[in-house]
Amino acid sequence: MRSRSPWKPLRLAAALAAASAAAMPLAPSASPAAAEPAGHLSPTVKSAASIVYDPGMKWRCYSVSNETAGSNYGNDSRDCGKIVHPNRVNADCTWFGYTSPRGVECPAWRFVTYNWGQDRLRAYPGYDHQVQGDSGAPLQLVLQNNSRGLRDTAGQTQNCELKEVAVSHEYVGSSFKRKADGSTYNFADGQVKVAYDALVEQTGGFACEEKRALLTTDFIYRTARGINVISVVHFDPGPFSRPNDDGVLWSNNCRKADGTADGCRMTVHGEQLTPGERRHLEVDFSGIATKYRGYLNGEAVPSASQIEAVQVVNSAKGADLKAEVSGLDVTLG
1 MRSRSPWKPL
11 RLAAALAAAS
21 AAAMPLAPSA
31 SPAAAEPAGH
41 LSPTVKSAAS
51 IVYDPGMKWR
61 CYSVSNETAG
71 SNYGNDSRDC
81 GKIVHPNRVN
91 ADCTWFGYTS
101 PRGVECPAWR
111 FVTYNWGQDR
121 LRAYPGYDHQ
131 VQGDSGAPLQ
141 LVLQNNSRGL
151 RDTAGQTQNC
161 ELKEVAVSHE
171 YVGSSFKRKA
181 DGSTYNFADG
191 QVKVAYDALV
201 EQTGGFACEE
211 KRALLTTDFI
221 YRTARGINVI
231 SVVHFDPGPF
241 SRPNDDGVLW
251 SNNCRKADGT
261 ADGCRMTVHG
271 EQLTPGERRH
281 LEVDFSGIAT
291 KYRGYLNGEA
301 VPSASQIEAV
311 QVVNSAKGAD
321 LKAEVSGLDV
331 TLG
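Per our numbering, the very first residue in the sequence shown carries number 1; after that it's consecutive.
Treat the hints with care, since some could be wrong.
[Unchecked claim] Straight-line C-alpha distance at most 25 Å; calculated DSS-like pairs for lysine-lysine:
| id | residue 1 | residue 2 |
| --- | --- | --- |
| 1 | 322 | 211 |
| 2 | 193 | 58 |
| 3 | 211 | 179 |
| 4 | 256 | 193 |
| 5 | 322 | 58 |
| 6 | 179 | 82 |
| 7 | 179 | 193 |
| 8 | 179 | 58 |
Treat the hints as calculated values from the structure; they're not laboratory data.
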């Protein structure tokens with residue numbers, strides 16, 4: 001799922017508005033039934049522990065979601081038996097093609113693409129998503145996003161549409177666990193951190209006026225007001241944007257384009273990656289929310305704040321960018 005906005009630098013405009021969200025509908029979750037494994041046995045997590053079924057993405061139990069077409073392809077369920085759990089049973093996931101002794105189960109994680117047609121998969125210009133390594137160890141996930149030299153439909157000019165390839169932990173009962181009492185994890189339950197290893201490489205320059213070749217970590221959670229998204233930028237060679245004095249690159253001020261109330265979306269700088277160098281990244285989203293609560297409707301972490309997704313997103317316009325990701329985990333403590 002993505003709640004996407006073509007964010008603009010705050011320094012260039014006094015009032016900013018987000019584009020409408022383009023999130024897929026949430027899959028219904030399984031009925032509360034069984035407690036999660038040790039470390040998840042109380043309604044409130046007291047020490048840092050993973051809240052996803054496949055921390056590090058070690059198992060090939062995934063699908064590929066084409067957000068633009070609203071379709072799924074490339075399902076791989078060969079390792080799903082390693083993470084069977086009654087809270088993952090969901091009849092709405094028959095499309096995935098995996099059935100455990102308890103019933104139909106969902107993918108544990110997903111690749112997500114935006115604005116790429118499947119005819120451009122493993123082509124150039126085009127996109128790719130690869131899974132490398134042995135099951136049972138953190139898999140290396142390759143996100144290839146090559147739109148430099150891509151022509152428009154008439155074949156005359158450079159295509160400068162936003163293109164994205166991402167990897168995602170998303171949906172309760174699919175990627176995210178439940179507490180022992182059957183309730184969902186909220187941002188307010190403790191300190192939420194996301195960690196993983198990453199490497200990025202850009203080849204060639206920029207073919208569009210907007211110099212966009214970004215790698216971000218996106219945290220998505222649901223509040224009474226709507227979907228909130230905090231995006232943290234780790235790579236921006238353009239640069240696509242420059243931050244405000246307080247470090248914020250973009251915010252929708254919790255408003256839609258027509259000025260009505262909406263979920264809050266903001267983008268900030270995080271730890272930066274050097275091209276060609278693998279680095280461990282850790283993002284403290286609780287700390288970011290506290291620091292920038294003014295951009296989140298004054299609520300750093302509202303009590304009603306169901307965690308929906310964590311994504312690592314390769315985003316480009318008229319640029320070629322490859323990202324390698326491994327060990328992606330979401331912890332709460």
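Consistency of the hints with the structure:
1. 322 with 211: Roughly 16 Å between the alpha carbons, so the hint for residue 322 and residue 211 holds.
2. 193 with 58: Within the cut-off at roughly 19 Å; holds.
3. 211 with 179: Since the Cα atoms of residue 211 and residue 179 sit roughly 43 Å apart, the hinted pair is violated (cutoff 25 Å).
4. 256 with 193: Not OK: residue 256 and residue 193 at ~28 Å, beyond 25 Å, violated.
5. 322 with 58: Distance of about 21 Å is within 25 Å: holds.
6. 179 with 82: holds, 20 Å
7. 179 with 193: holds, 18 Å
8. 179 with 58: Holds: residue 179 and residue 58 sit about 22 Å apart, inside 25 Å.
The structure fails hints 3 and 4 (numbered hints given earlier, in ascending order).
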